[in-house]
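Participant: Here is what each chain is made of, one letter per residue.
There are 4 protein chains.
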Amino acid sequence: MTDTTDTRTGWLSDFELEQSRERLPILYVDAIPVRVDSRGEVSHVGLLLRVMPDGSISRALVSGRVLYGELVRDALLRHIEKDLGPLALPRVPASPQPFTIAEYFPDPTVTGFHDPRQHAVSLAYVVPVDGECAPSASALDLVWATPPEAAGVSMSAEMTGGQDRLLRLALGHLGLLP
Amino acid sequence: MTDTTDTRTGWLSDFELEQSRERLPILYVDAIPVRVDSRGEVSHVGLLLRVMPDGSISRALVSGRVLYGELVRDALLRHIEKDLGPLALPRVPASPQPFTIAEYFPDPTVTGFHDPRQHAVSLAYVVPVDGECAPSASALDLVWATPPEAAGVSMSAEMTGGQDRLLRLALGHLGLLP
Amino acid sequence: MTDTTDTRTGWLSDFELEQSRERLPILYVDAIPVRVDSRGEVSHVGLLLRVMPDGSISRALVSGRVLYGELVRDALLRHIEKDLGPLALPRVPASPQPFTIAEYFPDPTVTGFHDPRQHAVSLAYVVPVDGECAPSASALDLVWATPPEAAGVSMSAEMTGGQDRLLRLALGHLGLLP
Amino acid sequence: MTDTTDTRTGWLSDFELEQSRERLPILYVDAIPVRVDSRGEVSHVGLLLRVMPDGSISRALVSGRVLYGELVRDALLRHIEKDLGPLALPRVPASPQPFTIAEYFPDPTVTGFHDPRQHAVSLAYVVPVDGECAPSASALDLVWATPPEAAGVSMSAEMTGGQDRLLRLALGHLGLLP
Numbered sequence: 001m002t003d004t005t006d007t008r009t010g011w012l013s014d015f016e017l018e019q020s021r022e023r024l025p026i027l028y029v030d031a032i033p034v035r036v037d038s039r040g041e042v043s044h045v046g047l048l049l050r051v052m053p054d055g056s057i058s059r060a061l062v063s064g065r066v067l068y069g070e071l072v073r074d075a076l077l078r079h080i081e082k083d084l085g086p087l088a089l090p091r092v093p094a095s096p097q098p099f100t101i102a103e104y105f106p107d108p109t110v111t112g113f114h115d116p117r118q119h120a121v122s123l124a125y126v127v128p129v130d131g132e133c134a135p136s137a138s139a140l141d142l143v144w145a146t147p148p149e150a151a152g153v154s155m156s157a158e159m160t161g162g163q164d165r166l167l168r169l170a171l172g173h174l175g176l177l178p
Numbered sequence: 001m002t003d004t005t006d007t008r009t010g011w012l013s014d015f016e017l018e019q020s021r022e023r024l025p026i027l028y029v030d031a032i033p034v035r036v037d038s039r040g041e042v043s044h045v046g047l048l049l050r051v052m053p054d055g056s057i058s059r060a061l062v063s064g065r066v067l068y069g070e071l072v073r074d075a076l077l078r079h080i081e082k083d084l085g086p087l088a089l090p091r092v093p094a095s096p097q098p099f100t101i102a103e104y105f106p107d108p109t110v111t112g113f114h115d116p117r118q119h120a121v122s123l124a125y126v127v128p129v130d131g132e133c134a135p136s137a138s139a140l141d142l143v144w145a146t147p148p149e150a151a152g153v154s155m156s157a158e159m160t161g162g163q164d165r166l167l168r169l170a171l172g173h174l175g176l177l178p
Numbered sequence: 001m002t003d004t005t006d007t008r009t010g011w012l013s014d015f016e017l018e019q020s021r022e023r024l025p026i027l028y029v030d031a032i033p034v035r036v037d038s039r040g041e042v043s044h045v046g047l048l049l050r051v052m053p054d055g056s057i058s059r060a061l062v063s064g065r066v067l068y069g070e071l072v073r074d075a076l077l078r079h080i081e082k083d084l085g086p087l088a089l090p091r092v093p094a095s096p097q098p099f100t101i102a103e104y105f106p107d108p109t110v111t112g113f114h115d116p117r118q119h120a121v122s123l124a125y126v127v128p129v130d131g132e133c134a135p136s137a138s139a140l141d142l143v144w145a146t147p148p149e150a151a152g153v154s155m156s157a158e159m160t161g162g163q164d165r166l167l168r169l170a171l172g173h174l175g176l177l178p
Numbered sequence: 001m002t003d004t005t006d007t008r009t010g011w012l013s014d015f016e017l018e019q020s021r022e023r024l025p026i027l028y029v030d031a032i033p034v035r036v037d038s039r040g041e042v043s044h045v046g047l048l049l050r051v052m053p054d055g056s057i058s059r060a061l062v063s064g065r066v067l068y069g070e071l072v073r074d075a076l077l078r079h080i081e082k083d084l085g086p087l088a089l090p091r092v093p094a095s096p097q098p099f100t101i102a103e104y105f106p107d108p109t110v111t112g113f114h115d116p117r118q119h120a121v122s123l124a125y126v127v128p129v130d131g132e133c134a135p136s137a138s139a140l141d142l143v144w145a146t147p148p149e150a151a152g153v154s155m156s157a158e159m160t161g162g163q164d165r166l167l168r169l170a171l172g173h174l175g176l177l178p
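Protein chains in written order, with my numbering: chain A, 1 to 178; chain B, 1 to 178; chain C, 1 to 178; chain D, 1 to 178.
The reader is advised that the hints may include incorrect statements.
Identical chains blur together in the list; that is why a pair holds if it fits in one copy or across any two.
[Unchecked claim] Calculated pairs, SDA-like style, for lysine to any residue (alpha carbon to alpha carbon, straight line, at most 25 Å):
#1 LYS82 <-> VAL36
#2 LYS82 <-> ARG23
#3 LYS82 <-> PHE15
#4 LYS82 <-> GLY69
#5 LYS82 <-> ARG39
#6 LYS82 <-> SER136
#7 LYS82 <-> TRP144
#8 LYS82 <-> GLY131
#9 LYS82 <-> PRO116
Hints were generated in silico from the structure; no laboratory data involved.
Could you put together the complete structure from these sequences and hints?
Facilitator: If you want it as structure tokens, here you go:
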């Protein structure tokens, strides 16, 4: 999760954002980008390689803050474009219901979802993408894993902050957990 | 709901199907076809005009039986193609979870969902369609209504068997109920 | 929605909260309290009578802010106790998935969910309560309405800020929308 | 999954049921019984020990057929009483939406959900039980496992027909998958 490209937040200085983070839960969205076949079944899950808040390099989902005045749907679209490029053609779900929520805490023992910077609550969605994806901004790389690969232990070992668990919750929601 | 075009059921004669209908709940799928804009938001809901089991002419959703050996996903695709034509390009949801179930009974007072022929339990899904839709088979016509139109009383008055209620449940799931 | 009883927020002065509200979406929970019968079916929906942010008196759902460091589950329990008293015996759902989210804006035309004070995003849950409920704190009264009563126009007319719509979305999720 | 105690099905002889099973998908319910604490969080998952359709002894979920004319809610209550006894005090969810569906086929390679007798489609629900549970009818024993135990490989090894996977999907829905 990164805010470095939230260029629309000029009115909220880094110092002010830092202060708010110590006093309010911050609203996030997490998107699990997927490729679907013509029958609508998920064939691949997209995973970014990027630098995490704690400095490690990790596989990660699309994730980011919801801005003041921004609709959740628009936050999803903005972060997908930021991470997968402008040609990804995401299909944000028609229903506003997230498949789950993830509660990130500075203390990793509270929920298992960990963000050293803040208490963040994330609305999580599975988002099929039809177009060409190119990792942009802070993402170093993008891989497409089959559902069994995504659920495997080697993938988990490369993910931090509990995002491997969020990925498994998404696979469960899709009925694709082995 | 109609089975007249279930041509794959040759091994289950009309007489045999009639007998089973008196002894087992029959598994159905209901699909609410929608048009979505580039942000994924529903702009229109598709409603068929067709002859219902009770002989009346009614606005109706895409609906039909799941066959022996058939996956729910494939039943959805088959009935959408049957009712909207082969170029509808449906996007069946990646998750198998229906947004609700509808329990149809010969007695209309049990649940409000009514099928004079049988006890049927239907799995209901919202399905965006991207392509060209043309009413086919038993459907006489197809209209696209905006969510407020679809939720209105004049549309409800043209639907029977409780399908107007199922439509409102779908709009609620989409956050689009006025 | 009120924060007057959020006594744990001493470290965030009213002035500071006011400032944050102009810069970040604030995380809320909405709870729809229900009575269920022995089969688990909803018999009644609980509605508070209270003073709303805009000064009007209105029927309302249980609603309030999630505090820094607080789990969503605990925020639900705290607000239900605040509004329905300590003997309500709420049964917060085991799954963290809200049945919908409501996005409240100072501008009532954005989503139809309106909060003159802030941009708030609320996670909405249906919560069966088994115990004795007594309106407390800011609530003036509590009534139990049957699902058809709750869905009726006279109830809607007494609710503001879009909470009548949220109530209908809950009834839809429960399959109880007429 | 067993039908030996479906005593209400006298009008459908074993021979006739056998015939229908070769021609129609059979509607089932699967219930994952759980213990919840006062905050509504799942502390334990209930697992039966019983003889499976293929003759093996296996850990299993509560499962069974929906009868002609029976509501899904009543089928859940009946099978929970059949397997956990009359004092289990189940709290069937207020919403009719299952958390997933499981499609069982005689061929174990189709979906991974396997029933040698039939094509069955099951609606799956998590059901908190408050009362005393005693394995009855065909169940030999009942154990309560913590979520980590339930998700573990040793438990999986004792389950057949894909029910270990359904259990993991339930844990995912509950946000309790490790």
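Participant: Next, verify each hint and record whether it holds.
Facilitator: Hint by hint, here is what the structure shows:
1. LYS82 <-> VAL36: both (21 Å within a copy, 22 Å between copies)
2. LYS82 <-> ARG23: Result: close only across copies, 22 Å inter versus 27 Å intra.
3. LYS82 <-> PHE15: Within one copy only: 23 Å inside, 34 Å across.
4. LYS82 <-> GLY69: Cα proximity of LYS82 and GLY69: one copy only (19 Å, versus 29 Å across).
5. LYS82 <-> ARG39: between (28 Å within a copy, 15 Å between copies)
6. LYS82 <-> SER136: within (6 Å within a copy, 42 Å between copies)
7. LYS82 <-> TRP144: Intra 18 Å, inter 34 Å, cutoff 25 Å: intra-copy only.
8. LYS82 <-> GLY131: within (14 Å within a copy, 28 Å between copies)
9. LYS82 <-> PRO116: within (22 Å within a copy, 31 Å between copies)
Against the hints set out earlier in the document, no violation occurs for any number.
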